[in-house]
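The listed protein sequences derive, respectively, from chains X and S.
Here the first sequence is numbered in the working numbering, starting from 1 and rising by one per residue.
Here the second sequence is numbered in the working numbering, starting from 1 and rising by one per residue.
It is worth saying that the hints were derived from the structure and are not from the lab.
Wrong hints could be hidden among the right ones.
If you want the footprint, here are the derived chain S segments under chain X, 3+ residues with CB under 8 Å [what the hints assert, rightly or not]:
#1 88-99
#2 157-163
#3 275-287
Computed list of chain X residues with no C-beta within reach of chain S, every gap over 10 Å [unchecked claim]:
#4 ASN64
#5 ARG82
#6 ASN178
#7 ARG212
Where is the CB? At the ideal position from N, CA and C, for every residue including glycine.
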Amino acid sequence: MNALKATNVVKYFRTPEPFKVLKNVSFEVDKGEFVSIVGKSGSGKSTLLYLLSTMDTDYEGSININGTLVTGKKQNELAAFRNEHIGFVFQFHYLLPEFTLLDNVMLPALKLNSKSKEEIQNRSMELLDMLGLKGYEHKRASNLSGGQQQRVAIARALINDPAIIMGDEPTGNLDSQNTKIVFDIFKDLAREKGQTIITVTHDEEFAANSDRIIELRDGEIIGTQEN
Amino acid sequence: MNTDYKIAWVHLTSRIRQLLVATLSVTFGISMYIFMNSFMSGVNDTQTEITFTSMAHIRIYNDLPTGTPIPIMKEPMEKNTILMVDNARHILYTEGMKNTDPIVTAVSKISDVQAVTVQMNENVFLQNGVSKVSASLSGIDVPNENKVFNTSHYMVSGDLKELDKRTDAIVLGTGLASSLGLSNGDNVTLTTSDGVTKNYKIVGLFETGSKGTDQTKAMISIYAARQLYSKNKSYATDIQININDYNEARAVAVEMKGITSYKIEAWQEGNSQLDSANVLRNITAMAVSLTILIVAGFGIYNIMNMTVNEKIKEIAILKAMGYNGKDIVKIFLTQSVVIGFIGGIIGLILGFTISKIVSKIPFKIATLDTLPINFNPKDYILAFVFGIFITFWAGYLPAYKASKVDPVDIIRG
Ligand SMILES: Nc1ncnc2c1ncn2[C@@H]1O[C@H](COP(=O)(O)OP(=O)(O)OP(=O)(O)O)[C@@H](O)[C@H]1O
Ligand SMILES: [Mg+2]
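Next up, chain X with everything else stripped away, as it sits in the complex:
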């Protein structure tokens, strides 16, 4: 079974003028695979990722995640689906500024509500520790640097042990040392826990070390490269 399968995905933007951003994009990702999506700015990487993450439902074609056809599902079903199966790290870190780091990381798990509060809290502490944020747990998110916030966002994406982790330049704001930490975490998750990773990246080294590179140009896949 594929972790993810996109079939003939077509996406239009209607404003400011009709524009076909994605043209017949089809590809599959195996469970436990670590895939990088690369391409020039404006090639449609983020757009594709929003479709795969089920947040954007305005497209043609079909998307299958973990054997579930997500195309055509209702918004509320998709919200629940995302909560359980998908972890997302955005191009720009988006944290809730009035909450502590710990609260921010815990929120998706509290929503899922499948573990006790203690378990969630312990797991959140572990993740923050792993991402080098030990001691900051009770700080408010708004008091952190961009790089720190990005790492909190990664911890938050991991809290529900999602089958797929998607990142839109998750290391874009990080220095090389932290980039290495994040890369290693992703690699571990893929190897040891069998979680699937799909990230958009501009970092050539990052891409080169992943399992497979998918290259986009003008909304089309122009090549894949197994490493």
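Using the hints, position chain S with the ligands against chain X.
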């Protein structure tokens, strides 16, 4: 604690100033609602009380029949005979009501009836030396009169009960007494329309606050009145009836239809100006206070709208993480309901305090000593219900808008 409530709580407590402003607007709206309505109902009750010092809720009396007079002779059978009545009119064959006892007994049995009294009302002249004025004399049944009109309450000197002790006792309105130059304890000469003259001793003065009454009314015992006019034992011109709720007078009057063929008249007939003044005052109070509440609602709407716009990124991120539309509505609606609730409770207390203070302000007009304020639980309950209702909707609209935010639009930037 549910996560949605936790988020709502963090939002609320991180903006204390806005929370305060929103809460105050609800507090203000609700306390004004309570005050306005308590004041208006106080004014209405005072007005009604003054009205009913001289008028009962229902009156039974001997009236000329209305409509075209019907000839007492039957229409003749023969075709070549016509019946011609020249100048047909109603004639009052008897004045007053001869035997009121059975009517009083029957009326008293109706459950809504609170008190019944009989009166003998006649126009007379009162004279003191050279000053002579016309007055309306009321022969009253003292204990029952008191039950219906609370007459003792308006006595400024003397004692109403004296009327029952002697047949030459009379009480006068203060205005009437002063236009005759008389005071308590003096003597006065009374002349009836039939020319009968009798001396009375003033045993008391009353003041109802209604000038018309105070300047014209004199009261003696109904037994003395019957004697004066040589009427039989249960004769009366009016039966005055009070019921539990004066607004129901019309319905109760209809219920009494079968008891007697005399005219049964609810107070609203011929006094619609009083009735409509009450209704209009209530409408004004309602309209003004609801407007204040609605303005408070707009305040909350505005603040919640600002909050939603301010938090739009957070809403997007919550939705991306799997919070659905319902969660978002809950997060923002909780905030406005909390504001409504806190503001409402404080508003109830403030409204009560304002009413209490105002009810202590001296206001010496007519029978009033202080400004009239009612403390009616209904006003408080309604104020709270309206307050919660309005804050609910003022919060729901922005919350609904928030729940419809498309996360991709926001996150894409
Ligand atoms: N909301 C929108 N309406 C119209 N056009 C859009 C919208 N969002 C993106 N586009 C256009 O779609 C194309 C793809 O954008 P997208 O954000 O997917 O690029 P990207 O590959 O992620 O670029 P980058 O590397 O800079 O993040 C661009 O040409 C962009 O201008
Ligand atoms: Mg992008």
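Going down the list of hints, with the structure as the test:
1. Only when three residues or more bring their CB closer than 8 Å to a CB of chain X does the claim for the region 88-99 of chain S stand; here the count is 0, and the claim is violated.
2. Check on the region 157-163 of chain S: 0 of its residues sit with their Cβ under 8 Å from a Cβ of chain X, so the three-residue criterion for coverage is violated.
3. Figure legend: the region 275-287 of chain S, annotated as covered by chain X; annotation inconsistent (0 residues with Cβ-Cβ distances under 8 Å, at least 3 required).
4. With a least beta-carbon separation of about 19 Å from chain S, X/ASN64 lies farther than 10 Å from that chain, consistent with its non-interface assignment.
5. At roughly 5 Å from the closest C-beta of chain S, the C-beta of X/ARG82 falls inside 10 Å, breaking its exclusion from the interface.
6. X/ASN178, annotated as away from the interface, keeps every beta carbon of chain S farther than 10 Å; the closest lies near 21 Å.
7. With 10 Å as the threshold on Cβ separation, the claim that X/ARG212 sits away from chain S holds: the shortest Cβ distance comes to roughly 25 Å.
Violated hints, listed in ascending order, are 1, 2, 3 and 5; each of the other numbered hints is respected by the structure.
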